[in-house]
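Student: Below are the chains, spelled out letter by letter.
Protein chains: 4
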Amino acid sequence: MKAARAKVDHRTRVGRQRSARTEGRIIEAALRVFAERGPDAPVIDDFVRAAGVARGTFYNHFESVEELLHATSAWTTRHVLERIAQAMDDIESPTVRLGVGLRLFFAQAQRDPVWSRFVARVWKVGGLELPVHDLEVGLRLGHFRVPGRDAARDLLLGGAREALRRIGEGQAPPSFGDQMAELCLQALRADQRRIVAALAQSLPDVPERTRTR
Amino acid sequence: MKAARAKVDHRTRVGRQRSARTEGRIIEAALRVFAERGPDAPVIDDFVRAAGVARGTFYNHFESVEELLHATSAWTTRHVLERIAQAMDDIESPTVRLGVGLRLFFAQAQRDPVWSRFVARVWKVGGLELPVHDLEVGLRLGHFRVPGRDAARDLLLGGAREALRRIGEGQAPPSFGDQMAELCLQALRADQRRIVAALAQSLPDVPERTRTR
Amino acid sequence: MKAARAKVDHRTRVGRQRSARTEGRIIEAALRVFAERGPDAPVIDDFVRAAGVARGTFYNHFESVEELLHATSAWTTRHVLERIAQAMDDIESPTVRLGVGLRLFFAQAQRDPVWSRFVARVWKVGGLELPVHDLEVGLRLGHFRVPGRDAARDLLLGGAREALRRIGEGQAPPSFGDQMAELCLQALRADQRRIVAALAQSLPDVPERTRTR
Amino acid sequence: MKAARAKVDHRTRVGRQRSARTEGRIIEAALRVFAERGPDAPVIDDFVRAAGVARGTFYNHFESVEELLHATSAWTTRHVLERIAQAMDDIESPTVRLGVGLRLFFAQAQRDPVWSRFVARVWKVGGLELPVHDLEVGLRLGHFRVPGRDAARDLLLGGAREALRRIGEGQAPPSFGDQMAELCLQALRADQRRIVAALAQSLPDVPERTRTR
DNA sequence: TATGAATGAGAATTCATTCAT
DNA sequence: CATGAATGAATTCTCATTCAT
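Residue numbers (the working numbering), protein chains in the order written: chain A, 8 to 220; chain B, 8 to 220; chain C, 8 to 220; chain D, 8 to 220.
Source of the hints: derived by calculation from the structure; they are not laboratory data. All values reported here derive from a predicted model rather than from experimental measurement. Careful, some of the hints might be misleading.
Identical copies look the same in the list; a pair holds intra-copy or inter-copy alike.
Okay, derived cross-link-like pairs now, DMTMM-like style, lysine to aspartate or glutamate, Cα gap no bigger than 25 angstroms in a straight line [unchecked claim]:
| id | residue 1 | residue 2 |
| --- | --- | --- |
| 1 | Lys131 | Glu143 |
| 2 | Lys131 | Glu73 |
| 3 | Lys131 | Glu99 |
| 4 | Lys131 | Asp47 |
| 5 | Lys131 | Glu176 |
| 6 | Lys131 | Asp212 |
| 7 | Lys131 | Asp198 |
| 8 | Lys131 | Glu30 |
| 9 | Lys131 | Glu70 |
| 10 | Lys131 | Asp97 |
| 11 | Lys131 | Glu89 |
| 12 | Lys131 | Glu43 |
| 13 | Lys131 | Asp157 |
Build out the structure end to end from the sequences listed, making use of the hints.
Tutor: In structure tokens:
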């Protein structure tokens with residue numbers, strides 16, 4: 008994204024809005040394109056065609072596919088993770104936090120398969136402070152007992168990625184996310200009653216993001 | 008006449024041998040290239056340079072990068088999985104089989120980081136009948152208790168892939184594979200004594216494959 | 008809004024004009040290249056160099072040499088044949104029409120040897136409704152007496168192609184076209200007086216096409 | 008064709024026969040390939056595949072496609088034209104000679120469509136001394152009256168080429184060759200009785216050449 | 001800022017030719 | 001002589017990037 012001018016006077020506001028709209032169109036299109044074809048295969052023309060803009064317009068907003076990928080990644084996951092974090096603001100127990108967080112995450116995936124495929128394929132693991140933090144708190148408090156924290160982290164993230172792939176393909180039943188969350192907590196040897204509590208907790212509302220068209 | 012046919016056969020045989028050797032060189036080089044750069048980024052010149060053959064030679068053996076990827080995948084994983092299966096031929100318990108199988112798999116990864124990175128990045132999941140079969144036997148026998156078999160499968164495979172990535176980067180301690188195996192069995196709620204047995208079992212020898220140069 | 012649309016239209020129009028001009032340059036160059044080297048031998052670089060455009064520009068306008076050949080063929084012969092047809096609009100007698108048409112055709116060849124060689128070498132026979140139509144009218148009216156109309160057609164077209172080749176090589180005297188026309192009418196056993204009339208008729212003006220540079 | 012050794016002792020005879028056979032196979036295959044694809048489009052692999060020989064074998068006999076084309080041309084047309092000339096040895100009248108020669112030529116085309124297509128597409132006009140000679144004798148004797156001898160020559164040869172194309176496509180009735188011959192003589196304003204004689208003359212037997220398989 | 005034609009570097013692909021067996 | 005794998009120059013084709021409007 009090219010640096011926005013600091014000074015925004017009245018004259019430029021309209022132009023900026025149009026620009027923001029164009030940028031949004033490109034990113035939304037990119038989400039779909041990356042979801043279908045992965046991070047490396049697409050060429051600029053794919054985005055240009057999907058967004059319905061001219062080729063030169065692309066370069067008015069992004070310098071390369073790489074940059075577009077970053078922008079799309081950030082724009083796409085930041086909102087979701089922020090909203091999930093917010094929704095869990097008042098939960099204390101790391102077991103419940105981790106369980107509910109995973110369930111919310113997969114619920115989001117069920118709502119938006121394109122987003123799901125995008126994250127499954129593109130995610131270079133970033134913005135994952137949330138579950139990792141809960142994992143570490145849980146370990147410190149002795150709620151989880153695992154042979155190694157890196158291994159635990161890899162199992163959770165790897166499992167989540169595969170789950171997203173399956174959900175994105177539409178081959179997962181509605182309960183799939185809860186099953187996955189339960190498995191994850193089992194892997195961490197969480198207390199059985201806490202697991203049940205995490206699964207029983209009714210999911211807080213997460214405000215829907217602007218949907219992928 | 009007989010002499011003539013023998014001569015033809017001889018020429019043909021020599022040609023075949025040379026061809027097979029060249030193909031092997033290309034595939035071995037491809038393993039390294041795919042491991043470093045993933046399945047989409049490399050261009051034909053990368054393989055050609057890595058294998059030390061002429062550009063035209065590539066096309067004498069493979070029609071596209073895609074086809075080379077398949078060939079490399081098959082050639083690379085088949086041997087390993089076959090040898091692991093063989094080495095566990097006399098183990099009965101699905102818990103122990105799954106645990107030992109995973110440990111052998113990660114041990115192979117530790118021995119050959121290039122192979123590890125290749126599988127982590129490229130694996131489109133194939134030739135995984137082995138762990139999946141053990142998982143299903145264990146479920147049928149009641150040795151594992153999971154909320155859903157697809158979820159269990161995804162957790163195992165996803166975790167294994169992340170583990171391979173870490174091992175391939177050289178960022179995993181020697182015990183990492185065993186930790187991962189233990190976590191996987193925990194996730195399946197295997198019996199604690201069986202888990203201990205699976206981890207205590209000394210690993211059978213796996214004949215080393217021709218190493219990546 | 009109106010201004011914006013006008014602006015878009017303006018950009019589009021300018022782009023179209025530039026594109027059409029480039030396409031014209033390529034086709035004119037292709038005429039020369041095909042004329043010298045035939046339909047199969049030339050490579051894309053030949054056209055690119057002759058037209059003075061970039062290699063990529065070629066592909067912005069044509070998908071292959073084949074397509075360029077079609078485009079060049081159509082563009083090249085359509086104009087000439089249309090103008091000849093127009094110039095003969097008021098001639099009735101099929102004998103005179105055929106004779107004058109052939110004479111005009113060869114006159115065009117004499118004026119433009121490049122065009123002549125192109126048509127001689129490349130012509131896959133198309134846009135020949137004109138002489139064929141006159142031939143059939145003449146046969147129906149009994150002005151021509153031939154043992155078979157396909158044979159007559161082949162003789163005329165084959166003879167014309169050879170004539171173009173010779174004219175294109177610059178090895179034909181100015182009267183060559185008239186001689187050929189006379190021979191053709193003789194072959195059809197046209198009435199002698201009509202032949203004389205066809206040859207005596209002063210050729211109508213044919214507006215010159217944009218010349219090959 | 009590479010130069011044959013002058014000295015042929017007993018030891019080499021077998022080898023030479025085999026070589027001659029191989030060369031023949033290649034040429035016969037080339038006839039078909041050139042007939043289908045013209046003189047410029049085919050690549051060496053086409054001949055190699057059609058002849059069922061190895062790639063290197065091609066270079067043992069021919070240095071290039073160009074040379075193969077010449078060899079095929081010569082081998083193909085020489086026999087035919089020689090046999091036609093021979094069959095007409097005792098005909099005196101140039102009109103009858105030309106008429107019968109053309110009829111024999113087209114009869115050969117009807118017998119061998121592959122040969123026909125080859126000659127139609129590839130013929131760079133050579134070995135045509137026969138009809139040209141008859142044409143000139145006829146002109147000298149006043150049997151033909153044409154406005155120009157080059158034009159007459161072009162009409163005859165061009166018509167013959169188109170006729171071969173049509174015959175080669177299998178779209179000509181059996182009488183097509185006779186019709187064409189008649190048209191040609193009409194074009195030359197031959198005497199009507201001589202034309203009738205040329206067409207009435209029963210065609211002498213022409214020994215069949217080794218057929219294209 | 002949006003447009004899209006033109007550009008040319010680079011990647012993919014073909015194919016004539018060589019050469020060890 | 002026959003074979004066919006290997007070669008690399010020539011060719012085709014793609015695509016990121018520029019720029020005038």
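Student: Give a verdict on every hint.
Tutor: Hint check results:
1. With identical chains, the CA atoms of Lys131 and Glu143 are at most 25 angstroms apart within one copy only, with a shortest distance of 21 angstroms there and 31 angstroms across copies.
2. Proximity of Lys131 to Glu73 under the C-alpha cut-off of 25 angstroms is found in both arrangements, the shortest distances being 12 angstroms within a copy and 23 angstroms between copies.
3. In this assembly of identical chains, the alpha carbons of Lys131 and Glu99 never lie at most 25 angstroms apart, being 29 angstroms within a copy and 39 angstroms across copies at closest.
4. Proximity of Lys131 and Asp47 under a CA criterion of 25 angstroms is satisfied in both settings, with 13 angstroms inside one chain copy and 16 angstroms between copies.
5. In this assembly of identical chains, Lys131 and Glu176 lie within 25 angstroms of each other by CA distance both inside one copy and across copies; the values are 20 angstroms within and 15 angstroms between.
6. In this homomeric assembly, Lys131 and Asp212 never come within 25 angstroms of each other (Cα to Cα): the closest approach is 27 angstroms inside a single copy and 36 angstroms across copies.
7. In the homo-oligomer, the alpha carbons of Lys131 and Asp198 never lie at most 25 angstroms apart, since the shortest distance is 31 angstroms inside one protomer and 35 angstroms across protomers.
8. In this assembly of identical chains, the alpha carbons of Lys131 and Glu30 lie at most 25 angstroms apart only when taken from the same copy (22 angstroms versus 33 angstroms across copies).
9. Taking identical chains as interchangeable, the C-alpha atoms of Lys131 and Glu70 lie at most 25 angstroms apart only when both belong to the same chain, with a minimum of 20 angstroms there against 31 angstroms between chains.
10. When the C-alpha separation of Lys131 and Asp97 is checked against a cutoff of 25 angstroms, the pair qualifies neither within a copy, at 29 angstroms, nor between copies, at 40 angstroms.
11. Taking the shortest alpha-carbon separations for Lys131 and Glu89, only the intra-copy value of 18 angstroms comes in at or below 25 angstroms, while the best inter-copy value is 31 angstroms.
12. Taking the shortest alpha-carbon separations for Lys131 and Glu43, both the intra-copy value of 16 angstroms and the inter-copy value of 15 angstroms come in at or below 25 angstroms.
13. Proximity of Lys131 and Asp157 under a CA criterion of 25 angstroms is satisfied in both settings, with 16 angstroms inside one chain copy and 24 angstroms between copies.
Hints 3, 6, 7 and 10 from the list above are not met by this structure, while the remaining hints are.
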